[in-house]
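**Q** Single-letter residue listing:
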Amino acid sequence: MNILIAIGGREYSKPTLDLGMKVANSLEASTTIAYVGKKVSQFSEKDVSVAHQNLDDRQLYRPGVRTLEWAYDFLKSKNYIQEETNDFNDHLLVDEENSRMRVLLKGKHSNKIDLILRTGEIIEQLRSEVQTNNHNITVIGGGSNKGMHHDLVQFIDSSVLVVKNYSFKKKYKILLPVNNSVGSNNAIEIAEQFAKANKLEVEIVTVLENKSSDENLKKILDRTAKRFSKSRIKNTTKVLEGPVVKRITQSASDDSIVMIGVSPKNPIMKYFFGSKPISIAQKCECPVLIAK
Amino acid sequence: MNDSYKIVSSSILYWFSQKKWFVFSILIGLALINMSTPVGLTVSAYHSLVILLMVFILVTSQPIPFPAIALLALVLQVLLGVAPANEVASSLMNDAVLFVMGSLMFAIAIVHQGLDIRLAKIIINIFGRSKRLFIAGLMLISAVLSSFLGEHTIIAIMLPIGLSVIRNIDSSKPDGKNAVLLTLFSIAYGTIIGSIGTPSGGARNVIMINYIREFSNITIDYWDWIQYAYPILIIQLIMAYFVLQFAFPSSLDNIQLQGYKKSVAKSNNATNIRHIFSSIIIAIIIVSWFLFNEQFGLGIIALCGVLIFMICGMVSWEVINKNTNWGVILLFAATISLGFQINDTGAASWLIDKFNMMISNLPEDSSFSWSFMAIITGLTANFFTSSATTSLLGPMAIELQPNNIVFGMSAAIASGFSFLTVISSPTAMILYSTGLISVKLFFRIGLLMFASSIVILYLMSRFYWVML
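The listed protein sequences derive, respectively, from chains A and B. Counting in this note's numbering, the final residue of the first sequence is number 941, and the numbers go up one at a time with none missing. Counting in this note's numbering, the final residue of the second sequence is number 1127, and the numbers go up one at a time with none missing.
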């Protein structure tokens, strides 16, 4: 299992890093922390590259390395990196391919954490990172614009966790809407491991839209509840009625982490008309994971 | 649903989302070509304007790589009958393109010598007596060097100096952030303003010199340009100094200049001979630009500089090849070629006639057309970069008053006012890439500089240039 955590500004990235690492730890996943630097105009890309090389020669950190250093120190302070590590100052920047650089910390360090510096358009860079390194989950902050979340879910071939209004101090519960899609099965799997590792309560819901009952959905609900109980995860079940997006956003409170499957709809329809999971991610004021 | 169908449709959608501006420009091009040719224009002239519009959309939105845009412009010129293949090929290479190539390579060779430490020592020796003088010195040195060696060279050399100074600023203290921004903007504005000073300050200057020579039969040499542009540069520098003091008020108490002086003094002097030798090469090239630009052209002289650096083993071909932006060179070649075709086919004259008809109801005063031209070129350059703007709009600016260099010179200088957007110049882009300044901040401060620069240019062209 591989997890990609995209970080930006330091202060805004704390919750993203924290929740991303909690998910990574609970899934025992390798983690790549990526800072995507500003997109550079083609007119100036070589000039910028030469200027940055000059900064490297003068041992002045090029843009982005300071943010990765901060991320590394943050992970150490939170004990996400447990092994004995060298100081970040003692690092090498390795140019791996076009617009991707890896920060190599000299000496002994955690082989489960990768620090990556990328430059360019964020969706393009994250897509390329996921495609090259087969990441299963991409974690990104919720401060970015809604269009970007739409594009991320649409074009990135991994589950996407949008971290919105996450607080370290709150005790969270998982809100798990289920149905008969493949994405929903993956969401159940991730929710189970995450809840078990972090001792979280799970609220399993299914939504009946335009119908009064659906035996198939009720069976999935019961089966999921049994699965969680078997794993000793405290859970409750609920059948909601009405429009899916409205009912789920109403059920999600600010201490919820919503974990939902991706829509099985045609990608072209999703691109032009959106999808329910994307609308939920955009409307909820809490972290939302869309599992693929 | 079939998984392979999902993958294929998702890939197509992704391609479309990334290339929508390319699709848009092609559709616009096709639609315009299928419309009837406007009265007064030949088919080839009309097609050259359609290609101009397509190139403009593609360069501003950048959905495909620059070399692809350049090739598209060249191919379309031939396919749409704007000019025969041989004519397009011959208009592709001239001294302006050689200068773009030479100056980009020369910049890499210079930056590779690590002259920033030497420069930092000189700045400290001359301007180190007070913090405010030091900041003014950063701006002045950036401007003077940039005027001869180009802003892309100087910003790469000055940025480590600026960031080393910033490392000695306590930005957590009151007005510390202002001191950081003051330092960065002083260097940035110095290099941007400096680039208007001499023909070698920016490719746009050389492009305009070539256009004026071709279309107006007027020759402007290195010294002529300096006489026209340097006084503007000096006034702009003074203006920029006060604009920045006003925008970022700081007591500068947070700058630990002593700490910076110590770190510079401690730096390695082992590369002394290399520094001296590279300074001699740079001086020879600048003097050659002054003395021999008429005989050999600025491009050939810049290439001589690269040649000397390479023959002396001071920079390898691998370094130059890796860091030269070949895409930009190809794009400039293609846009300059298109600029020639726009003029040769009569499209530029047609546009100017239309413009003159449009303003015929206004009082007859060249100030209006001058202001329109200067503001349009200045604004376009902020979204399209200065050299590309000059190569495409230059012929039209000259056409406004073909026997007077004022319009052509003003267009080239106004296109150097890249104060508004971070994509407009290498300086702005490099500064933005540090993450220390935002797009909004750059625009806010730049707006004041842009407006005042246009006013300065107007006054100088009206009252000073007539005396030359």
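Since the hints were made in silico from the structure, they are not lab data. Bear in mind that the values here come from a model prediction, so they are computed numbers and not experimental data. Careful: at least some of the hints might be erroneous.
Some, not all, of what chain B presents toward chain A, calculated at C-beta under 10 Å [as the list claims (entries may be wrong)]:
no., residue
1, 672
2, 935
3, 938
Quick partial rundown of chain B residues pointing at chain A, CB under 8 Å, derived from the structure [claimed, not checked]:
no., residue
4, 722
5, 767
6, 874
7, 1092
8, 1096
All C-beta atoms, glycine included, are put in the ideal place defined by N, C-alpha and C.
**Q** Taking the hints in turn, state whether each one holds.
**A** Right, here's what the structure says about each hint:
no.: 1; hint: 672; in the structure: holds, 5 Å
no.: 2; hint: 935; in the structure: violated, 19 Å
no.: 3; hint: 938; in the structure: violated, 17 Å
no.: 4; hint: 722; in the structure: violated, 11 Å
no.: 5; hint: 767; in the structure: holds, 6 Å
no.: 6; hint: 874; in the structure: violated, 25 Å
no.: 7; hint: 1092; in the structure: holds, 5 Å
no.: 8; hint: 1096; in the structure: violated, 10 Å
Violation of the numbered hints given earlier is confined to hints 2, 3, 4, 6 and 8; the remaining hints are satisfied by the structure.
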